[in-house]
Amino acid sequence: MTTEAATEFERHRPRLFALAYRMLGSASEAEDIVQDTYLRWSAADRAAVRTPAAWLTKVMTNLCINHLTSARARRELYVGPWLPEPVLTHTATGPLGPLGPLGPLESAEQRDSVSFALLTLMERLTPAERAVFVLREAFGHSHREVAEAVGIEEAHSRQLHRRARTRLGHPRRRFDVDDEQRRKIVERFFAATLDGDVAGLERLLADDVAAWADGGGEVTAARRPITGRDKVLRYLLGLGHRPEAAHITAEFAEVNGEPAVVVRTGAALLAILVPEIRDGRVSAVRSVLNPGKLAFAARQLA
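For what it's worth, the numbering used here labels the leading residue of the sequence shown as 1, then goes sequentially.
These aren't lab readings, by the way, just hints derived from the structure by calculation. You can take every hint at face value.
Derived CB-CB ranges, DEER-like:
no.: 1; residue 1: Pro291; residue 2: Gly151; range: 28 to 38 angstroms
no.: 2; residue 1: Thr3; residue 2: Ala48; range: 11 to 21 angstroms
no.: 3; residue 1: Thr126; residue 2: Glu31; range: 19 to 29 angstroms
no.: 4; residue 1: Arg72; residue 2: Arg144; range: 24 to 34 angstroms
Please read all numbers here as calculations on a predicted model, not as lab measurements. No residue lacks a Cβ here, since even glycine has one placed at the ideal position from N, Cα and C.
Using the sequences provided together with the hints, build the complete structure.
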């Protein structure tokens, strides 16, 4: 492959990763798909490629659809709740790259497109529905462009898009407080958890709050969602009283465009907690503890 062709691909790599991550909910799998796309680009007759961006998008989209088709069976056998792989978009030292690894996240809609809540909900979609939804909603492609990328008729693209929006229960969640307020709520929430502050947690937790913990069978974690303020309160207080709680350090970061807590024990990344804020309260807590799912974030923090 020529230097010019390699340079052309690298120009598109950030967008391809951001697209693949939204389709798969996995940073490590997105990296693999982008690399597979690169190999196909290197072997392609580029003289016949009129628009590299469209060609690369089509190849990668179909790789993602094929991957999702095979991944569905594996995720059905997954031990405990399945959550997306966390991607850090901002740390205490600043944003990770000029646009961040997931592209621009300046608006509520852009942040929503990579939120843990939405990526988890997208597991309800078929691979084709997910591809159409991401291309249309997150990247603003026309239905003609989406149809070309997925290899379907334009009318079918519109149908899949409507079906996906229905399954996801639109309108979706919107951020009702600004970034600084959300960060302060997350800080108070985590401090109250570690301190065993029952009254503080009761004030912060929504009545219908739910907690998910993704250990993937690799580490100890609740294998079913915990719902309701009283049950989640007991669960959180139990975490704060575990022996290892005395040896952890925590720092705040932005994960998938949302304020989150990065938990370490020594130099090792132990967990990433992503609280969801609604009406000024914590409405959900999603915790990723599976070491395999923390590997990408650990590299970002290194």
